[in-house]
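Student: Given next are the chains, with one letter for each unit.
2 protein chains.
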Amino acid sequence: MNGIHLIADLYRCGGTAVALTQRDALERLCVDECRDAGLTPLGASFYQFLDADGDAAGVTGTVVLAESHLAIHTWPESGNVTLDVYVCNFSRDNSDRARHVYRRVLDALQPEDAVEYEVVRGSLSGEN
Amino acid sequence: MNGIHLIADLYRCGGTAVALTQRDALERLCVDECRDAGLTPLGASFYQFLDADGDAAGVTGTVVLAESHLAIHTWPESGNVTLDVYVCNFSRDNSDRARHVYRRVLDALQPEDAVEYEVVRGSLSGEN
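Protein chains in written order, with numbering that gives the first Met the number 0: chain F, 0 to 127; chain G, 0 to 127.
Only chain F is shown next, with the shape it has when bound in the complex (with noise of 0.2 Å):
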């Protein structure tokens, strides 16, 4: 369980406008770039939120990870994200790896504004 939980909101994207409102889209995003950082993506769960016009309207997913998850949730009418990679280091130190996925997705999504946290799990479990 010892690993890095990093944390940011992010306001008025102005990246990759179609992420924000595609779910096939921001999943290929979120899949890809774990898969290109060397983590092992096991599953993804990706929902197509939808207007009152029955047009696309926000995206909510995640991407469940055998170093443990990505979770990603988007409000395009205001263009702001939420995203949250966490990994262990269960058998390897994967901090490098959530970094390269972490700042990839940044770069995509292009946030005018950030606010960013980093929690250390399981610091009291030891390298379990």
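For the record, the hints were derived by calculation from the structure and aren't laboratory data.
Have a look at the derived ranges for each label pair, beta carbon to beta carbon: (1) Arg91/G <-> Arg91/F: 39 to 49 Å; (2) Asp52/F <-> Asp106/G: 35 to 45 Å; (3) Gly53/G <-> Arg11/F: 42 to 52 Å; (4) Asp31/G <-> Arg102/F: 29 to 39 Å.
Not close to chain F: a few residues of chain G, all C-beta gaps over 12 Å, as computed: (5) Val17; (6) Arg27; (7) Leu28; (8) Arg91; (9) Arg96; (10) Arg98.
We treat Cβ as the ideally placed atom computed from N, Cα and C, and that holds for glycine.
Since chain F is already given, all that's left is putting chain G on it; use the hints.
Tutor: Leaving out everything else, chain G in the frame of chain F:
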């Protein structure tokens, strides 16, 4: 995106042992507690880890909610678990619902020790 994110690292859980090792039991616990709290599960992705003998050896999973997500990972060899419950308050204040789910899962797992964090998400977003 404005809401609360409850984070726990749980040590030496002595509660429902089957929930630490069996995917179906853990998924049912998490989905049912979300639903019972009045949250809205939209999907779930839970994965069963196996040990070298092919026996159940930990679970990793997420519940995607209309209100954001729950994520949980277990290490039954030590009884350790990480839990995240993040709910946004887009259409109503869901904070009490998040605390209810969080408390119910902790009650089921009965950790001997816990390190807990609470992160206010979307602090710059007003009511969005």
